[in-house]
Each structure stands twice: as structure tokens, then as C-alpha cells.
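Throw the hints in and build the complete structure from the sequences for me.
Protein chains in written order, with the working numbering: chain L, 1 to 357; chain B, 1 to 371; chain U, 1 to 176.
Source of the hints: derived by calculation from the structure; they are not laboratory data.
It cannot be assumed that every hint is accurate.
Below, simulated DSS-like cross-link-like pairs (lysine-lysine); rule was C-alpha separation at most 25 Å, straight line [to be verified]:
#, chain 1, residue 1, chain 2, residue 2
1, U, LYS173, B, LYS50
2, U, LYS173, U, LYS40
3, U, LYS25, U, LYS38
4, U, LYS97, B, LYS85
5, U, LYS30, U, LYS40
6, U, LYS78, B, LYS50
7, B, LYS298, U, LYS25
8, U, LYS99, B, LYS85
9, U, LYS81, U, LYS137
Coverage of chain L stretches by chain B, computed from C-beta distances (three or more under 8 Å per stretch; other residues unrestricted) [to be verified]:
#, region
10, 40–52
11, 224–235
12, 312–324
13, 329–337
Derived, one-sided and incomplete: chain U residues facing chain B with beta-carbon distance under 7 Å [said to hold, decoys possible]:
#, residue
14, ASP53
15, ASP55
16, SER56
17, VAL59
18, HIS90
19, ARG121
20, TRP125
As the structure is a computational prediction, the values presented were derived from the model and not from experiment.
Glycine is no exception: its CB is placed at the ideal position from the N, C-alpha and C atoms.
Residue strings, one per chain:
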Amino acid sequence: MIFDTLSSFLGNEIIAGIIVACLPLFLVILPYAIAAVLAERKVSAYMQDRIGPNRTGFHGVLQPVADVVKLMLKEDIVASNVDKPLFNIAPLLVFTGSYAAFAAIPFTSIFIGTKLDLGLIYILAVSSFVVAGILMGGWSSNNKYSLIGAMRSAAQIISYEIPTFLVVVTIIIITGTTNLTVLSDYQTSYFWNWMILGGPSLGVVKFLLIPFMIVGFVIIYISTLAEVNRVPFDIPEAESELVAGFHTEYSGMKFAMFFLAEYANMFAVSALIATVFFGGYQSPFGYLGNLMGIKWLIPLEQLFWFSVKGLFFVFVQMWLRWTLPRLRVDQLMTVCWKYLIPFAFVNLLIVGLLVVL
Amino acid sequence: MALKTEEMVLNMGPQHPSTHGVLRLQVELDGELVIGVRPYVGYLHRCFEKHAEAMTYPQVIPYVDRLDYLTAMNNELSYVNACEKLMGIEVPERVQYIRVIMAELNRIASHLIALGTYGLDIGAFTPFLYCFIDRERILSLFEMTCGARMLYNYIWIGGLSHDLHPDFVRLTREFTQQFRPHIVSLNNLLSYNKIFIERTANVGVLPLDVAVNYGITGPMLRASGMEWDLRKNEPYAVYDRFDFDIPVGKGTVGTVGDCWDRYFVRVLEMEQSVNIIEQALNQLPEGDVFSAIPKRVKPPEGTIYARTENPKGELGFFIVSNGSVNPYRVKVRPPSFINLAVIDAISKGCLVADLIAILGSIDIVLGEVDR
Amino acid sequence: MKTPEEIFEILKAAFGDAIIELNTKSPFEKVIIADPLKVKDISLFLRDNEALDFDSLVVLSGVDDANGEKVEEEDGYKSIKGGTLSIFYHLESIALKHKLTLKVSVPRENGEAESVESVWRSADWQEREVFDLLGIKFLNHPDLRRILMPEDWEAGHPLRKDYRNPEFYQGMKVPY
Chain L
1 MIFDTLSSFL GNEIIAGIIV ACLPLFLVIL PYAIAAVLAE RKVSAYMQDR
51 IGPNRTGFHG VLQPVADVVK LMLKEDIVAS NVDKPLFNIA PLLVFTGSYA
101 AFAAIPFTSI FIGTKLDLGL IYILAVSSFV VAGILMGGWS SNNKYSLIGA
151 MRSAAQIISY EIPTFLVVVT IIIITGTTNL TVLSDYQTSY FWNWMILGGP
201 SLGVVKFLLI PFMIVGFVII YISTLAEVNR VPFDIPEAES ELVAGFHTEY
251 SGMKFAMFFL AEYANMFAVS ALIATVFFGG YQSPFGYLGN LMGIKWLIPL
301 EQLFWFSVKG LFFVFVQMWL RWTLPRLRVD QLMTVCWKYL IPFAFVNLLI
351 VGLLVVL
Chain B
1 MALKTEEMVL NMGPQHPSTH GVLRLQVELD GELVIGVRPY VGYLHRCFEK
51 HAEAMTYPQV IPYVDRLDYL TAMNNELSYV NACEKLMGIE VPERVQYIRV
101 IMAELNRIAS HLIALGTYGL DIGAFTPFLY CFIDRERILS LFEMTCGARM
151 LYNYIWIGGL SHDLHPDFVR LTREFTQQFR PHIVSLNNLL SYNKIFIERT
201 ANVGVLPLDV AVNYGITGPM LRASGMEWDL RKNEPYAVYD RFDFDIPVGK
251 GTVGTVGDCW DRYFVRVLEM EQSVNIIEQA LNQLPEGDVF SAIPKRVKPP
301 EGTIYARTEN PKGELGFFIV SNGSVNPYRV KVRPPSFINL AVIDAISKGC
351 LVADLIAILG SIDIVLGEVD R
Chain U
1 MKTPEEIFEI LKAAFGDAII ELNTKSPFEK VIIADPLKVK DISLFLRDNE
51 ALDFDSLVVL SGVDDANGEK VEEEDGYKSI KGGTLSIFYH LESIALKHKL
101 TLKVSVPREN GEAESVESVW RSADWQEREV FDLLGIKFLN HPDLRRILMP
151 EDWEAGHPLR KDYRNPEFYQ GMKVPY
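Put into C-alpha cells, the structure is as follows:
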């Protein structure tokens, strides 16, 4: 809808398209990434019984600014034996893969990057660019540690896409659509209409679906943790084993791209889970705008609720990072292939049966 | 058609976040499986034994501190024990009790670092900081006594360098009271965590006969099932007056002698150290700590080997004296050096991640490996 | 639980001339002196005999006896020629709770002793250290190379009493 208003305002669809494409980038992602860097450090600090950054600005609020300035001013070291084209493209691919997913995520009912009918599938597909980027980064660094890290990461991401997709297919079976805006609207207001609690239909089917929805939610949460390389699945960047895994040899702005792409990816998958299971931008209690009769308040409230849900899941991801130790590579693969995928399949079958009957 | 694969030699070089110092491990890998490990040591060799021949007996004590710099009190106790046996000095009871308290506090501090950094190696970042909170309290107790946080020069031949601070007993009692619940919370956070158990159980199993043949001592030997602690088997200082258990590895979550057992034996030892400290504080007699310090340390001719139980294992000093004020030869039996030699035998067929876990469970300090 | 005298009798009966004497000069421990080239057979006997059962080598130390002739060289530096180097083995039996000190003496120049690494694996690194710092060669050791000094250190064996630091090592000036 913003696209329509902008194009009629400017009279030029191309410029409107560019502005709409840049909006999520500048309004949402960059502030979020900057805030996430600070949040991670403060959250981790308070969990470890210490205070995080508190000298740069009030409670460390300017710390991300300091970080970004430092990374931009750092010397871009390129070792002599690296494969230069691959070395330079790798951060770009990882960055692109993470940020492109934001095009299809519905932030509010009137704004979405592109109106894709295949929104869900697009997000999962585009996130796979990251694998190519990581492999390139590890290979071209000419460093055994990076190579090991990159290979592990590729295996991990590819394996864990399968349970993610299976759970997403489960949702598609119930709702019959892959368009994320429609999916969010399907889970109309009030939290008992959310997918995690069986969806907006009435009747026995809704209550029967609840345990399977919860199982599906757990499976997809674990799988997406692995997709974004967070603990307990952060072997590709395992600090204590491989120094820094596939991004050992990167410094300066290229490292900043890997770094910010990781945070963006975290938010993208959190937003995905929030949309699919927890009602997307719908509020759990109804809208103040409806109550007070102010129509334009509703999209803002939706934006607020969406952010709250997405950020809550990001917070849980950070929480897990500072609590749990790391899984070993073969244990990680075991968890995926021997536990998550069979459970996801069985879940899918049962939900399919329930929907048909 | 089979693909030709070749083994990769990976250098976990002298600078690495997880090798606990400057240790170089040359690892032969077949994919992710470890076929052989060759440690290269000597990066921190500071010629301790040669220096000792040029100094007098009391002057060696600060150098002894710097062997295993995390357990300085225990190192001093071991060396001073050997010198006092050579000279035939009887130290007052108060001195013995204070030495025991300091040694046990240092044992807790050393084990806290071992456990914290072990969690860090496995990937759990938070237990490291929790352990360091308690270690900071212990270090401030030491600072109150002798002015130094890590390398003390406190235990002298025949006595101590300073008497206890008047507040020391009260503050140590406070520390022990608040430390016991911390061990429980550390267990809940790390020891019984399913992922941690998956990473460390059945990894790096050290059978008991291999351990004895390799000369392993300390928590590693106790984790393999043998109840052998020099504080009970050959008591020195006043350890025979205290009532404490010796934790032994029982293979609770895996096999006897795996990494989890070695880790858990250290947790249990911390608890026993707290018991010893409380008993020692209750029995602490009055007296003069400077009365038995000799004016000149000039032992008779002879050789002696005296040993004590260090947190890392059995630390012994073989001193050859030729009747002069300088020792003729001081040989250190370093527990970390001898424990490290077993890494090739127990890491065959494990993965690279397991190698890090095994190295962390051996708990070496390069200051002692290289001297 | 056996005393050093009893162990000395048993060993003398089994090995005859290879066991040289029981030295009681030091007031703190009694030392059995043996032949360096037979020390592996003696160790095997000590470990496998049920009455002795020495299953653990506690420490293996090298000592420079410096009992040779002091020769003054051109630049005033005194080197030692002739004389012996000694190796002390401290053994222990965990089951039978007795201890033993064994000593062998090798000539200073090109001294050789048998390696006991195949009897007690803990001797592996400790013998390498004695080789590195004192220069005693151990026969039949699987991997005898320097352990604490850099592997290409050519200036001798540092723990000897007449050791002198070289001027340069790999182009770097050594005296600080």
C-alpha cells in the first residue's frame, strides 16, 4: 500500500520502487542491527554478573557507533595467497542473502517490501545464498581453519533447512497460502487465533492441532538457530576451536558485513517464526485504534507488536547463546537427521490427516 | 572409483585461544578424525633449574612461584617442604596451619580456572565468569595477607613472610560460607547440562594401568579410579589432622576416566578443600610465625626427593646439596609436563573438537611444562 | 614393604656385577648404583617381580657431577674434561608402598645409557629432557630429540656446569 501511495504521489513507479526497497533497510534493519550489537553485549553482561559497555554514552548507547566507526576505519587486510575475487565477493553474498529475506516480511498490514505470493518459499530460498558466501569465504582464505569452518557450516545449514521447510509445509497445509500478508491476516486478532494455538478455525480440529503446533514451533526454532549459526550450533565460528572459523581472515568492513549479516539473519528468522506461528503483526488483545476509533493508529500498533515479537525471539536466541555449551559437529548432524527430521515428518503427516478429516 | 584422500597436518600453533598457553600441537587429521598428536613444548622455557644453581635456597622461592603460576602457594609449600627436610627444621604449628589454609585456598583458585576455561573450551561462556567471581574473592584474601594477588613469595624456609591479617579468619569464613552454594549453581549450569555431558562423556578415556605407567598423578589419576592423594598417603604439613574425602572418578555419566570424570573430580575436590579450610580455621593455634626461620640456609650434603600434592598432580623437588648456600641441583618433577605426555595415547580416533576437550581436561599450565 | 637393603640383596642376586653398590652417604635416602647399559633389564625386573612390583617411575633426573678435570681454555673459560654425569631414577610401588632410588653414572663425553621408556612410558619425555639439557644419549629411545631447547640448538647442553651461551643463534645475538 505504501508503494501505491508513493507511486501516485511521485508519479513515477521506479523511484517509488527504489524508495520502498530502501525503506526496510534504513528504517528497520540498520537501526536494529546497531541496537542488536549493543543489546547482545548488555544482555550477555547482565547474565554474567557484570555490566556491559557503560562509558560510551548513557549506559553504552553510543557503543555501536564506536564499533561501526572502528570497523570502517580499520585496515582491510588481504593476505597474499587468497583467491581475490572469491574473497571479496563472499561477504557480499552473505550480506545479500540475509538482507534480501526482509523483502517479503510483513511489518504491518500496509507495508511489505514486495507483494510476493510465494513469500514463505522466497525467504527460505534466499537465505540459502548464505551457504555459498560462507563456502567462498572459507575456501578463498587459504587457511585450513577457515576451510574446516566453512565445510562444517555448509553441512549444517543445508541439513537444517529440511526441518525448517517441513514445518513450514505443515503450516501451508493448514492455511493454504504462502503469502505472508495473507498468513498474518488469517490469524486474526486475539491470541487464541494464532497458529501456535491451532489457528482461527473453531471446532475440535483446532484443539487437536495444538500439541502438533507446539512441536512444530520447537522444531523450527531449533532449526533456525542452526541456520543462523548461533550457539549451540555455532561450530562454524567456534572461537575456542578454530579461532574464528570461516571469517578468521577478514578484517575491517568485510568483517563488519559478516557481523551485521548475522544479526540481520537472526531477526529475519525470528520475524519468520513470529509471522508463521504467533500472528505476525496482529495484536493479541485487539487494537487501541479500533477502541478509540482512530484508524491510522492500527498500522503503527501492528508495527509495534511485530517488533515486540521479533525482538523477543532474538532475545531468547541471545539468552541461549550465553547459557549453553556448543554441540560437536557429529552430534549436531545427529540431532538434525535422527531427531528433528523424523519428528517433523510425523508432525506433517498427522497435521495433514487432521486437516483432511 | 575411490577418491584419493590424504591426511592433513594441522598446527594448533603456539598462539591459539584454547591451548592454555604457548603449546604447539601438531595434529594429523584424516578428515575430522585425529590420527596422531605431537606436542611441541619449550616455548616458555625460562631455565629455572639453571638459575636455581646460582642463587641461595631462600632466593629460589620467587622462581618456584613462577613455575605453575596459578598454584604459587602450593609450589612454595612443596619446595620449602623439601628444604626443611634437608635442614631438619621443625616449624611451629601455627605456621603449618596457615600454610595448609593458603594451599587449599590456592587449590580452589586453580580448580576454578580449570573449570571455567574448560567450559569456555566447550563453548559455554558464562561459567567462566561465575568462576572468576569466586577467584577474585580468594585473590583479595591473598592480597590482604602478603600483598600480592598471584605470585606471593609468602611461604619461607622455616616460616612465613608475614603473619595473618587480623581480619583474615573472619573474611575467609565468609568466603567459605558463600562458596558452597556457588558450587551447587556451577553444577546446575554446567556439570549436569546435557550438551556438556554429550561433549565430554566417553571422550578421552584413560584406563588406570595406562595412567600409572605414564606416571599420571593428581585429579587425572583419581578420575581413572585410583584413590591416591599424597595428602592422605604421605601426609605433609598437618594434613593428617583433617577429615576429608578423596573424590574418585566413578564413570557416572560415561566410562571411568573420561573427560567428565576428570572435570567432576575437580569440582568435588573444591568442596573438600572448603572442608579442610573450615577445619583449619577452627583449629588455628597462636604462635610466632618467624621463630624458626634460620639466619642462613646451609644444608648438609646429600640428596633428597620430597613431594606434595599440587592441584595439577604430584609436584616434587629433587635437591642435590653439596653443603654450600647454593643448591647444587634442583630438579622439578612437573605434573603438567608428565601429564601432557599422555595426550597422544588417549586421543586416537577422536574428533578435533574432542581433542580440545581432552586437552582442557588434562589441565596444563605451560609455566610448569616448560619451566 | 621392603627396605632398600633387602631390595639391594635381591637385585645383587639377580644381576650380579651390573649392580655396583648401595650408597648410604646421603642421610636422607639410600641409593643403589647400577650399570648404565643394563638399566633397562634391571628396570624390567623391578617392575615385573611380584615381591618388588615397582609400577611407577616417579621422576628421572640428570645431574652433572662436575668431577672431572678443570681445564682452562684461552679466554679464561674453564671447561670440564672427563668425569661423569649421573641419572637418578626414583621408583615407587603403589601397591606394596615402598620406594627406591637408583643411580647410574655415564662418562661425560658421549655418555650413553639404556632407555627405560619401554618399561615405564613416563620416561619418554623425561629422558628427552635429560638428553636435551645434559647430553646423555639414551639407546633404543623411540624419538630422542630436544624438547625444551629449540630443536636446532647447536651450542651444547645447557645444564652442564661448564656450559657457555653461544654468541649468535640464527642470526640473533644471544647475550642480552
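Against the structure, the hints:
For the given pair, LYS173 (chain U) sits about 20 Å from LYS50 (chain B) by alpha-carbon distance, which is consistent with the 25 Å threshold. With a C-alpha separation of about 42 Å, the suggested pairing of LYS173 (chain U) with LYS40 (chain U) is violated against the 25 Å cut-off. With a C-alpha separation of about 24 Å, the suggested pairing of LYS25 (chain U) with LYS38 (chain U) holds against the 25 Å cut-off. At roughly 20 Å between alpha-carbon atoms, LYS97 (chain U) and LYS85 (chain B) fall within 25 Å of each other, so this suggested pair holds.
A distance of roughly 20 Å separates the Cα atoms of LYS30 (chain U) and LYS40 (chain U); the hinted pair therefore holds under the 25 Å criterion. Distance restraint check for LYS78 (chain U) and LYS50 (chain B): the Cα-Cα separation of roughly 17 Å lies within the 25 Å cut-off, and the hinted pair is therefore satisfied. Taking the CA atoms of LYS298 (chain B) and LYS25 (chain U), the gap is about 18 Å. The hint holds against a cut of 25 Å. With a C-alpha separation of about 17 Å, the suggested pairing of LYS99 (chain U) with LYS85 (chain B) holds against the 25 Å cut-off.
About 18 Å separates the Cα atoms of LYS81 (chain U) and LYS137 (chain U), which keeps this hinted pair within 25 Å; it holds. Under the rule that three or more residues need a Cβ within less than 8 Å of chain B, the assignment of the region 40–52 of chain L holds, with 5 such residues. Counting residues of the region 224–235 of chain L whose C-beta sits closer than 8 Å to any C-beta of chain B gives 4, which meets the bar of three, so the coverage hint holds. With 4 residues bearing a CB less than 8 Å from a CB of chain B, the region 312–324 of chain L meets the requirement of three and the coverage assertion stands.
With 3 residues bearing a CB less than 8 Å from a CB of chain B, the region 329–337 of chain L meets the requirement of three and the coverage assertion stands. At its closest, the beta carbon of ASP53 (chain U) sits 11 Å from a beta carbon of chain B; the interface hint therefore is violated under the 7 Å criterion. Below 7 Å, beta-carbon pairs count as interface contacts, and ASP55 (chain U) has one with chain B at about 5 Å; its hint therefore holds. This hint holds: SER56 (chain U) has a C-beta 6 Å from the nearest C-beta of chain B, less than the 7 Å allowed.
At about 4 Å, the closest approach between the beta carbon of VAL59 (chain U) and any beta carbon in chain B falls short of 7 Å, and the interface hint on this residue holds. The beta carbon of HIS90 (chain U) comes within 5 Å of a beta carbon in chain B, closer than 7 Å, and the hint placing it at the interface holds. Below 7 Å, beta-carbon pairs count as interface contacts, and ARG121 (chain U) has one with chain B at about 5 Å; its hint therefore holds. Restraint check, TRP125 (chain U) versus chain B: the minimum CB separation of about 5 Å is within 7 Å; hint holds.
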